[in-house]
Amino acid sequence: KKQFGNTLLLKETSQETWRWSPLENLGQDLRYAWRQMMAHKVLSLAVLFTLSLGIGATTSIFSIFEAIILRTLAVPHPEQLYLLQTDTDLFTSAFSHPLFTRMQKKLPEGSSLVANTRATRGPIQIDGKKDSASFQMVSGNYYDTLQIKPALGRLFTEEDDRAAGNHPVTVLSHRFWMNRFAGSPDVLGKSIVINRQPLTVIGVAPAEFHGLWPDQRPDFWVPVAMQSSVEYSGNRFAYGDFKKDEPWAAHEGIFWLQLIARIPNDKDVSALQASLNIDFTQAMEQVFGRDSDPEARRQFLSQRLVLMPGNQGIQVLIERYFTPLNILLGMSGLLLLITCANIASLLMGRAEKRQREIAVRMSIGASRQRLIRQLLTESLLMGVIGSLVGGFLGFKLGPELLRLIDPNAPQVNIAPNAMVLGFSFILCLFTTVLFGLAPALKSTRLDLSSALKLNGSHESIARRFNFGQVMVSVQVALSMMLLVSPVLLSRTLNNLMTADTGFEAEHIISISFDPQSSGYSPEQTQPLFDRIESRIQKIPGVQSTALSACIVLAEGCIFQSGMYTQGFVATRGQKAVVQELFVGQ
Numbered sequence: 001k002k003q004f005g006n007t008l009l010l011k012e013t014s015q016e017t018w019r020w021s022p023l024e025n026l027g028q029d030l031r032y033a034w035r036q037m038m039a040h041k042v043l044s045l046a047v048l049f050t051l052s053l054g055i056g057a058t059t060s061i062f063s064i065f066e067a068i069i070l071r072t073l074a075v076p077h078p079e080q081l082y083l084l085q086t087d088t089d090l091f092t093s094a095f096s097h098p099l100f101t102r103m104q105k106k107l108p109e110g111s112s113l114v115a116n117t118r119a120t121r122g123p124i125q126i127d128g129k130k131d132s133a134s135f136q137m138v139s140g141n142y143y144d145t146l147q148i149k150p151a152l153g154r155l156f157t158e159e160d161d162r163a164a165g166n167h168p169v170t171v172l173s174h175r176f177w178m179n180r181f182a183g184s185p186d187v188l189g190k191s192i193v194i195n196r197q198p199l200t201v202i203g204v205a206p207a208e209f210h211g212l213w214p215d216q217r218p219d220f221w222v223p224v225a226m227q228s229s230v231e232y233s234g235n236r237f238a239y240g241d242f243k244k245d246e247p248w249a250a251h252e253g254i255f256w257l258q259l260i261a262r263i264p265n266d267k268d269v270s271a272l273q274a275s276l277n278i279d280f281t282q283a284m285e286q287v288f289g290r291d292s293d294p295e296a297r298r299q300f301l302s303q304r305l306v307l308m309p310g311n312q313g314i315q316v317l318i319e320r321y322f323t324p325l326n327i328l329l330g331m332s333g334l335l336l337l338i339t340c341a342n343i344a345s346l347l348m349g350r351a352e353k354r355q356r357e358i359a360v361r362m363s364i365g366a367s368r369q370r371l372i373r374q375l376l377t378e379s380l381l382m383g384v385i386g387s388l389v390g391g392f393l394g395f396k397l398g399p400e401l402l403r404l405i406d407p408n409a410p411q412v413n414i415a416p417n418a419m420v421l422g423f424s425f426i427l428c429l430f431t432t433v434l435f436g437l438a439p440a441l442k443s444t445r446l447d448l449s450s451a452l453k454l455n456g457s458h459e460s461i462a463r464r465f466n467f468g469q470v471m472v473s474v475q476v477a478l479s480m481m482l483l484v485s486p487v488l489l490s491r492t493l494n495n496l497m498t499a500d501t502g503f504e505a506e507h508i509i510s511i512s513f514d515p516q517s518s519g520y521s522p523e524q525t526q527p528l529f530d531r532i533e534s535r536i537q538k539i540p541g542v543q544s545t546a547l548s549a550c551i552v553l554a555e556g557c558i559f560q561s562g563m564y565t566q567g568f569v570a571t572r573g574q575k576a577v578v579q580e581l582f583v584g585q
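At position 552 of the sequence shown (counting the first as 1) the number is 552 in this note's numbering, and the numbers step up by one without a gap.
Take the hints with a grain of salt, since some may be wrong.
[Claimed, not checked] Below 25 Å or equal to it, Euclidean Cα-Cα: the simulated BS3-like pairs (lysine-lysine) are:
(1) Lys-190 with Lys-129
(2) Lys-41 with Lys-353
(3) Lys-130 with Lys-41
(4) Lys-105 with Lys-353
(5) Lys-190 with Lys-149
Keep in mind that the hints were calculated from the coordinates and are not lab data.
Bear in mind that the values here come from a model prediction, so they are computed numbers and not experimental data.
Could you build the full structure based on these sequences and the hints that come with them?
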């Protein structure tokens, strides 16, 4: 028997051959960790509450950051999409329809080019009931190029966009279909009246598709050829003479379309950019070549066309939210570090009380590696529970946080996806290691002879004192950073609130309404304004009245235009944007 050695050890080794011991050990560790949590309920609740707040805040901000800054379009192969922009971006990279048609003919085989506009709201009628909805103009090859399949019916084809006003059809968004028609398949063939133009519903877009503008969610789409029929009049830069009711598609001097191309072979991008620049330069020469202002002529004719990655669509939100979201993400990271430091301090206190237990376990043969793994499992269990609670809070609070950052925030889908869930998982592991590793290492670095004595804790307390000082110093430093930042922000906000606006803002009442959504035609709008203004002037106490396109200094009030600015010469990559507000006398 002595030749075989320790019989009990040989039995355990033999049993491990037929079992998956790592999984069994993990199950034992989890059960023991749960018993430890139940034995220290107050401490466990304090850790879970602190961890949930830290992870919830970080997850909610990252979900907004991912939706606005990182998310790509919900279309197949978004990396093949390229935006057509001007290097000076004088008129927000808008193009005329004739130029769009000529550019389509220059594309290599397998590539395609689509046109679309910004969404705009207008009065609609469904089954005789008046309402308002947002719609977007798109070219006939829009869905084929983006490789979008319908959820119901069919989508636009090039035949739907050939002649002005000849195809009064529309495709509904999935959200509008569910909200207004309860997802009924009978919606096909129904009529929607937009600005007095009936449109026949031919299909419904898939639920995950909202268009190429991440900041917009149109209710339905209309072919570009129907522009004059539905009276679309937004987001344009017009140069030259044209009649108000004429279709824009025939005019070289009306820039109103945003273009995006799908180029499967990235080797074609440089050659295509050079080829399209020929058509673009000729179009600029045709429109602006005879401009009487030599500086304006030089400025327009010096523009060049560039192809930019379009995997995130026509991204107008990144420039607006990139800096504040990065600041918030950094501050939430600091908050999470403070959270981990607090939890590590709590666990260090509990580890101090468990030194005698750990010393006994080590003295009867437990390895330090095995004990560290078991202690980290306890931290991991609390980390997983805290991450689940914090992640749930983060996903629920994400939309509210976005509205808190910007009351007029765009309709961005902040629902969790694979990237956000992966971030939450990594955050769980990171926080577990961050607050659990130091107490595990410290509590298993023992002098067994002194730790087993009744008074053996004094030495360990002395050894732990320096580590505690470091933890306190880290918490104070990070807390000071978080404290100073809001103070500076509040002073900035106070300066903005007390800034001179150039007019007396007191005793001013503003009223806003949309006549077209109530059924008034454009010809009836001005007389309506005159009657309303006349009646308000007769109210006692009213000194004066004035009309404005929107409320002064309100978010989104100023309209951006690409008109030439006298005396301003834009350089490469520099924007020249005129802000204008239409007001009455």
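Hint check results:
no., hint, result
1, Lys-190 with Lys-129, "holds, 13 Å"
2, Lys-41 with Lys-353, "holds, 16 Å"
3, Lys-130 with Lys-41, "violated, 59 Å"
4, Lys-105 with Lys-353, "violated, 78 Å"
5, Lys-190 with Lys-149, "holds, 20 Å"
Checked against the numbered hints given earlier, this structure breaks hints 3 and 4; the rest are met.
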